[in-house]
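Work the whole structure out from these sequences, hints included.
So you can see what is in the structure, the chains are spelled out below.
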Amino acid sequence: MRSVFYLLDTAPYGSEKAFGALNAAAVSLTRMHVTLGLYGDGVYLVVAGQDSKKLGVPNLSDILYSYGELRVLVHEPSLVDRGLFEETLIETVELVDEEDFLEAMESSDCVIPI
Amino acid sequence: MRSVFYLLDTAPYGSEKAFGALNAAAVSLTRMHVTLGLYGDGVYLVVAGQDSKKLGVPNLSDILYSYGELRVLVHEPSLVDRGLFEETLIETVELVDEEDFLEAMESSDCVIPI
Amino acid sequence: MKTLTIVLTDGPYISEYAEIACKIAESALKQYQVNIFLYMDAVHIPKKSQNPSFFTSAGELFTGLAEKGAVIRACARCAAARGYIAEEETANGNNCEDYIPGIKISSLYELSEMLSKSDRVISL
Amino acid sequence: MKTLTIVLTDGPYISEYAEIACKIAESALKQYQVNIFLYMDAVHIPKKSQNPSFFTSAGELFTGLAEKGAVIRACARCAAARGYIAEEETANGNNCEDYIPGIKISSLYELSEMLSKSDRVISL
Amino acid sequence: MEQEEYDIFLLTKPPFSPRSEICLKLAARSENSRIYLAGDGVYHLFSGIERLTGCEIYACQEDLEARAIRDREKVTVPDNFYAAFIEDVMEHCRNMYTF
Amino acid sequence: MEQEEYDIFLLTKPPFSPRSEICLKLAARSENSRIYLAGDGVYHLFSGIERLTGCEIYACQEDLEARAIRDREKVTVPDNFYAAFIEDVMEHCRNMYTF
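Protein chains in written order, with the numbering used here: chain R, 5 to 118; chain Z, 5 to 118; chain H, 196 to 319; chain X, 196 to 319; chain S, -9 to 89; chain D, -9 to 89.
Hint data in this document are derived by calculation from the structure and do not stem from the laboratory. C-beta atoms are modelled at their ideal positions from N, C-alpha and C, and glycine is treated no differently. Relax, there's no trap hidden among the hints.
Interface residues of chain H toward chain Z, partial, derived using beta-carbon atoms under 8 Å:
hint, residue
1, Val202
2, Tyr234
3, Met235
4, Leu303
5, Ser307
6, Ser311
7, Val316
8, Ser318
Simulated pairs of lysine to aspartate or glutamate, EDC-like, Cα-Cα distance not exceeding 16 Å:
hint, chain 1, residue 1, chain 2, residue 2
9, S, Lys15, Z, Glu107
10, X, Lys218, D, Glu77
11, S, Lys15, Z, Asp104
12, H, Lys218, S, Asp69
13, H, Lys225, S, Asp78
14, X, Lys197, D, Glu77
15, H, Lys218, S, Glu52
16, Z, Lys58, D, Asp69
17, X, Lys299, X, Glu282
18, H, Lys197, H, Glu221
19, Z, Lys57, D, Glu55
20, S, Lys15, Z, Glu110
21, R, Lys58, S, Asp69
22, D, Lys15, R, Glu102
23, R, Lys58, S, Glu55
24, H, Lys225, H, Glu262
25, D, Lys15, R, Asp101
Given below as structure tokens:
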């Protein structure tokens, strides 16, 4: 396997899954070409201005920023459905339509839904 | 509390939740008036003819049959959505429309989603 | 005194409900009796030695609750399935050596007893 | 020999994936190298002393797999969070006394190593 | 003096989940409801839950901050969210639901 | 002799889940796909997944029996589901996905 696509469809903070997907993607960067695909509730991860200090958990947007070489694809229809289209988003991510999102999954050697 | 409404919205066998909801409902019968409400994927529980022997897990329809005094409400729109309307269903359950389903939740002293 | 019962079904870290239950219980304990019933994966919550690097230990949160008077019980079937075995009662007010002090493994019938004696029930 | 890696994220009983993974691994082990990486709640799967009344013990299923040659690793961060602590290696080929023989706690980097050396990856 | 009684909802699931769906249906049927948003429940503010009529919305400050949701009109953010919630649930509540 | 290669899907989620949605979209884009239904994935047979064109459907016997799904036309139920699946995945597979 030379490339991996991690698929995250769970909202951040309510569950460890977003944190787990980010960590798995980060360690995979050393050996493979890595894409993190955000779909469904996973797209909440890219709203700018997250501050999780008071919640006492890691700031997931900080983790996103610290792995600039990680390709992050956001499924735009999911974003629109959830009312996030007019929100300020983290700049390092790529909004893609459904065609491009599925295309990226197809062109990766493996897809790991988290 | 003199009445409790257990809400199950997870499909049986793929998860322990249906088994857990049935057990909790069964033990509650000794002290309270109990309703088990099946909504969303929970409605798969009432298809007749389940045989879980080869899977090596408890037969959940047998459990339903053995607690005849348990009131089981099935949210009919969920059933229709899932293509179950023409299937043979376990006889001891009550199909109700959305109005009656929500009404039953409102008239219970507490609602426990499992 | 009014009684609040909290029913938990998810394990720690994978969901936020252990933390939310703890905040609710802390608030409620100031004035009310609080019961907590741990069902299915929630029986993992009071495990000893949890050491999450970036989150608050669920075991520690629940140690605090037991000390403040919350009655915390874990379902015996769910606990046994997950390797937590009930033994004779120990000195710490619990009956499972893998659990933090103050938490007991008990039958599922205890859930129905808690519910029937409660004024309010919160299920997370 | 071709290699299959299975990634698991759910704990036993609350999901069927430990059983499904076991059936897949049993089939694959007849001809292929099988790796299994346990992530998040899946680190509960190899816990000793699981005694479910109505289901098959996940620990027993995975004992069989390790004996047949599957390489099974658990994420160190997830394991520590849930109270499974890695120690010096023991005689049974594992490094955690709460785990069944043959399963090791290791760094998440092992996941990326397993993936990069695999022909196929199944994530459940 | 008789105190007013509310239907109280604690909503911790995000939009589009079946639980959220039931919650919103029950809230719409109540004439006097209060929805407390905590955890992933605060994501409903991106979907306009505050436009529900006949319904007061409360949200948990630390959950709003973590999820980058800024102050919204018509939403009350109590200093102590859980204290306010427990007071309502135990003393001023007709029906209560958690989803 | 070159063997034919398939896009293989292992589907264990029930209908209406976001994962099933993605699975069906990817399968619809493939001209040569095989969907293996196991666990709650077999519930897709109530929703008519076997009517997908250009797609062979396999289902796991013990999961069908537990969930009271009787034999369906156009659905293959192998004697050893996981052996057939592994053979396909390891030897006759272009892309493979698990949902």
